[in-house]
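Colleague: Protein chains in written order, with the working numbering: chain A, 200 to 282; chain B, 200 to 282.
A few of these clues could be false.
A pair holds if it fits inside one copy or across any two, identical chains being indistinguishable in the list.
No more than 35 Å apart at the CA atoms, straight line, and that leaves these computed lysine-lysine pairs for DSBU-like [to be verified]:
1. 231 x 256
2. 226 x 280
3. 226 x 256
4. 231 x 280
Hints listed in this document are in silico derivations from the structure and should not be mistaken for laboratory results.
Protein chains: 2
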Amino acid sequence: MSSFAVGILAGTLCTISFIPQIVKIFKTRQAKDLSLITFSVFASGVFFWFIYGIMIKEFPVILANGITLVLVAIVIAAKLKFG
Amino acid sequence: MSSFAVGILAGTLCTISFIPQIVKIFKTRQAKDLSLITFSVFASGVFFWFIYGIMIKEFPVILANGITLVLVAIVIAAKLKFG
């Protein structure tokens, strides 16, 4: 397996991983056990990966982190809504 | 700000972000709102970033993802313990 393929697999897994958390919050309408600080700091980190992707002009980095940022923002919004 | 510095900032934020979640679970002894699938899939993604780092021989990628993997594994263990 090439390092490129491993990188694509790693990025895809990290990005899609947040979907079950979103589904769980909206199903149970509860999010109190989630750390708002964790998801906020993580989102800021992903934001800087997104900026990094723009700076080094790497479209896969921009795309993966752009999608992750949207998904994590949904988790944060749901956390703020359901507490 | 150089792309290198932005990358270091991004990686550091994403790695340390899991510490407040660990603290929160151990303080409240509750983790039922956390999605086990999310943290498991995310951990597998981080594991492949770790392997990717070894393949491309980039020590910062190995280090950041190695630490993140340990922190996320603690979140998963705490989730399994406190439910």
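Colleague: Decide, hint by hint, whether the structure agrees.
Modeller: Structure-based check of each hint:
1. For the homomeric pair residue 231 and residue 256, neither the shortest alpha-carbon distance inside one copy (38 Å) nor that between copies (40 Å) is at most 35 Å.
2. Proximity of residue 226 to residue 280 under the C-alpha cut-off of 35 Å is found in both arrangements, the shortest distances being 13 Å within a copy and 23 Å between copies.
3. For a Cα distance limit of 35 Å, the shortest separation of residue 226 from residue 256 qualifies neither inside one copy, at 38 Å, nor across copies, at 42 Å.
4. Within a single copy, residue 231 and residue 280 get their C-alpha atoms as close as 10 Å, and across copies as close as 17 Å, so both meet the 35 Å cut-off.
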